[in-house]
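**Q** For the protein sequence lines, the chains are A and B, in the order given.
Just so we're aligned, residue 1 is where the first sequence starts under the working numbering, counting upward by one.
Just so we're aligned, residue 1 is where the second sequence starts under the working numbering, counting upward by one.
Just so you know, these hints were derived from the structure itself, not from any lab.
Hints are supplied without guarantee of correctness; some may be wrong.
[Stated by the list, open to error] Here are the simulated BS3-like cross-link-like pairs (lysine-lysine), alpha carbons at most 25 Å apart as the crow flies:
hint	chain 1	residue 1	chain 2	residue 2
1	A	LYS142	B	LYS177
2	A	LYS510	A	LYS353
3	B	LYS177	A	LYS468
4	A	LYS171	A	LYS2
5	A	LYS281	A	LYS353
6	A	LYS290	A	LYS2
[Said to hold, decoys possible] Stretches of chain A that chain B covers, calculated by requiring three or more beta carbons in the stretch to come under 8 Å of a beta carbon on chain B:
hint	stretch
7	59-66
8	334-348
The beta-carbon is built from N, C-alpha and C at its ideal position, and this holds for glycine as well.
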Amino acid sequence: MKIITARRNSQIFFFLLFLWFCIVSTLGEQWWQLRGWPVGWLIQLDPLVGLGTLLATGSLYAGLLWGLVTVILTILLGRFFCGWLCPFGTLHQAVGWIANRGRMASTMIAANRYHRGQRIKYAILLFLLGASAGDLLGRLLKASIASPPLLAAIVAGALLLGAGVAWLQNKSGKRWASGVVLIAIAWTALSLLTDGSRLLAASLQTGLLDPIPLFYRSVNLTLLPLVDGRLVPLSPASRVYPGVLAIGVIFWAAVLLNLRIPRFYCRFVCPLGALFGLLGKNALWRVGQKADGCTACGACDRYCEGGCEPSSVIRTPECVMCMNCLAHCRHDVMGYHRSPSAAGEVAVPDITKRAFMVTLASGVAAVPLARLAGMTGDAWNPAVVRPPGALPEAAFLQRCIKCGQCMRICPTNVIHPAGIQAGLEGIWTPMLNFRMGTSGCQQGCIACGNLCPTAAIRPISLDERLGKGDFTSRGPIRIGTAFVDRGRCLPWAMDRPCIVCQENCPVSPKAIFTREAYQPVRLGGALVLQSMAGNQLLFEGPALPSERFATGDYFVTIGGHGMLPARIVEIGPGGITLDNPLVETAAAGDPLTLLVRLQLPYVDPAQCIGCGICEHECPVKGRRAIRVSAENETRQRRHRLLL
Amino acid sequence: MGDCCMTADSTLNRREFLTRCTRAGLSVAAAATLGIGFYDGKGPDGVSDAGPAVQIPDFSMAAMQGKICIARGTDRAAAVRQAFAALGGMSAFVKPGERVLLKVNAAFAAPPSLGATSHPDLVAAVVRLCLDAGASRVTVTDNPINDPASAFALTGIEAAARQAGADVVLPRESLFKRYSVDGGRLIRDWPVLYAPLARVDRIIGMAPVKDHHRSGASMTLKNWYGLLGGRRNIFHQDVHTLIQELAMMIRPTVVVLDGIQSMMTNGPTGGSLSDLKPTGTLIVSTDPVAADAVGAALLGRAAADLPFIAKAQNIGAGTADYRSLDLQEIQA
């Protein structure tokens with residue numbers, strides 16, 4: 001089997017596997033639904049997810065250890081993931097192949113020439129890693145401040161390093177190293193002068209551009225909802241995600257750019273590819289030329305996927321190991337072997353030490369700047385209700401890769417990608433939109449946390465969610481609290497009986513309870529008693545249509561006697577029929593008052609778990625008359641409402 | 001490639017390959033060490049990590065228990081000097097070389113004339129008494145409701161304390177530590193202005209007598225509220241129990257309750273001279289419950305009207321029956 005056939009088979013396999021995992025991320029009991037399929041495996045294989053969360057949290061969560069396999073293979077073999085495995089890369093390669101068939105060889109050779117812009121992806125990678133590393137550095141700093149001997153050791157180490165670097169600088173003429181040491185010393189000093197509490201913070205933003213989460217997000221939120229319908233019934237109700245336009249636009253832009261330059265995203269943008277480029281620096285085997293035989297025909301460049309210029313000095317960090325150059329070389333010059341290319345090679349990514357440090361430091365510095373907005377502190381947005389099991393906001397932002405798996409699996413379609421409600425850092429992170437979907441956040445569901453690849457939403461048990469068993473003392477997980485908007489509520493503001501919210505409140509005892517009130521009905525004129533016989537009343541005044549007032553919710557009282565309201569059973573030619581004869585005596589001419597019996601809804605915050613079913617069901621469909629906000633959520637003590 | 005036909009070039013290649021092998025091997029080892037070393041199979045458990053819990057020592061003195069002096073007069077400095085003298089002098093409370101914390105009431109950014117905060121004259125007098133008794137350092141602190149810097153400046157407390165020789169500690173995030181009251185229900189894992197407490201041997205609580213709409217009165221027991229951080233106002237939902245737990249949290253060396261003027265209405269902020277009434281009384285007591293019971297009378301309230309007094313008494317913080325104590329009444 002030719003090597004590119006093997007490569008194609010591998011790509012097709014992983015691409016289909018990816019699509020399959022997307023499809024089966026559907027809650028249900030069919031074989032093609034979530035029946036133990038390892039739907040997170042491709043995300044786990046992506047080492048940028050593992051590395052990002054490791055830097056941000058100091059721990060590598062469960063399945064993310066798979067990323068180590070990819071890392072080790074990349075160190076030994078080079079960017080095999082890009083050419084053989086990455087489903088997003090496969091898509092680009094396929095689109096590029098279709099789009100560029102029949103174009104002239106010279107055009108393609110030009111398009112595939114190495115472009116200086118390809119170094120941008122390294123800057124993107126370093127910026128994103130810098131942004132996620134703040135907390136790791138913060139922990140080191142705190143430890144160094146807390147323990148004077150350690151601090152002394154660090155200072156001594158820095159001085160030693162400085163001396164060593166000065167020596168090295170004299171010998172080699174490399175000047176960047178002293179800059180690094182200076183920055184390290186300045187930073188340590190700065191941290192000692194400040195509290196150290198806000199100088200550093202971590203935010204995991206790799207998922208914005210990391211191809212695996214990006215592809216999952218795009219397919220989960222912008223492609224599957226389109227095909228999901230009668231022919232391909234993936235979800236019982238069609239999926240809606242307000243605000244996904246940007247996700248779709250970025251996806252299609254990445255796809256369409258292949259028309260101009262094949263694998264544009266892989267070459268210029270992809271931070272994962274950049275990571276592989278750095279890791280593969282010492283790969284034992286690499287693509288390159290043999291010593292003799294090259295006629296400079298350009299066939300290798302014509303079909304090159306990575307833009308790494310195999311015809312001349314090959315840039316191995318750019319090589320995605322598509323192996324097209326091997327297959328298309330008519331002179332059998334190209335090979336994958338231990339020795340470097342005979343025509344020479346550049347083994348290190350095209351990024352200067354200075355650019356390396358600047359982008360990394362910019363990433364570290366950007367997060368505290370973003371945090372000045374205070375959205376993880378006092379300026380938190382109560383409209384951002386996170387799924388049950390979500391970590392406290394700062395910890396959440398250290399883990400969420402915005403892959404959209406929680407949104408895909410959510411059986412009620414209540415989890416949606418945030419816009420900027422949670423700050424720029426929180427873009428496309430999951431938040432609950434109770435207006436959308438089929439029915440709030442189901443009390444008996446823990447799907448999202450069990451699919452989350454990074455435990456930004458913890459995998460909780462049903463017992464923990466409901467506060468049962470071992471979790472009785474902690475009580476249920478609350479994601480927010482419902483508030484009645486008395487200015488919009490039908491019984492509160494408009495004298496119309498309703499309490500759909502109370503009916504649908506799923507907790508026991510119900511968090512929504514009612515208090516009874518009788519309100520006089522607004523009529524076109526006064527009602528006056530004509531005569532009374534048993535439970536029949538004849539009256540004068542505006543007409544009382546039976547279909548409106550004989551519903552069982554309307555009552556009458558007579559005069560100012562303080563009598564109990566009597567329920568209207570029927571209104572006809574014989575006047576008003578009441579359910580019981582009135583006991584009180586009344587005279588003709590006494591004023592008659594028509595009352596509506598209302599049950600006014602109240603929320604008991606001690607019972608409310610914030611599931612939002614009330615908000616979803618509220619018949620005031622625009623801006624609901626009962627709405628859940630994140631107050632009293634259990635994930636953040638500071639948001640506690642009650643003692 | 002056999003040794004027989006090895007050229008200089010291939011030796012170079014082989015050497016380079018071996019270098020790469022070494023580097024790749026080290027990289028793999030490093031990656032594996034990091035990956036496996038930081039492996040976390042369980043994931044976060046959702047319980048916020050509280051950090052190390054701190055303890056607050058008991059600052060009361062066994063030998064001085066149950067002593068109270070009620071001084072009548074109009075001059076705060078004179079009254080407090082004479083009241084302490086009647087109880088055996090400040091040297092009975094503060095030994096030479098000891099560090100003293102004055103927990104004042106600096107809750108609001110209001111001038112001293114409005115009586116919403118500890119009077120600067122009184123703060124200065126107590127600072128001097130401590131220093132005269134040989135205290136090595138006197139610290140004045142509070143976590144005000146209004147902006148701390150403004151509150152300490154506008155109340156005149158900061159200037160007076162510094163002039164008298166004390167340090168003033170304004171609350172900063174790093175000075176708070178999470179703390180739980182033993183046997184408490186409300187103050188659990190809660191940020192407390194701990195750093196100033198940790199560095200002292202004695203604590204003197206200083207509070208003016210004030211009307212307080214939620215708890216009935218704000219005096220020496222309620223004054224410890226100002227040591228709490230965080231969103232402490234949620235405790236207003238159960239303010240009397242909270243004051244009980246504050247009494248469990250801080251066992252002061254001695255308290256000074258300033259009823260030379262009392263805020264009778266519109267408390268605890270006041271805002272008008274008409275809210276104040278000259279009540280001509282200053283209480284120095286090692287029993288904060290007794291002091292508050294005396295203060296309640298100045299407001300025209302009975303101790304029984306203030307549930308927190310009975311609650312503090314129940315947990316052994318003192319007695320509302322101040323006449324049962326070693327009581328001295330003096331005219332300053």
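**Q** Next, verify each hint and record whether it holds.
**A** Hint check:
no.	hint	verdict
1	LYS142/A - LYS177/B	holds (15 Å)
2	LYS510/A - LYS353/A	violated (62 Å)
3	LYS177/B - LYS468/A	violated (32 Å)
4	LYS171/A - LYS2/A	violated (49 Å)
5	LYS281/A - LYS353/A	holds (15 Å)
6	LYS290/A - LYS2/A	holds (19 Å)
7	59-66	holds (count 5)
8	334-348	holds (count 3)
Checked against the numbered hints above, the structure violates hints 2, 3, 4; every other hint is satisfied.
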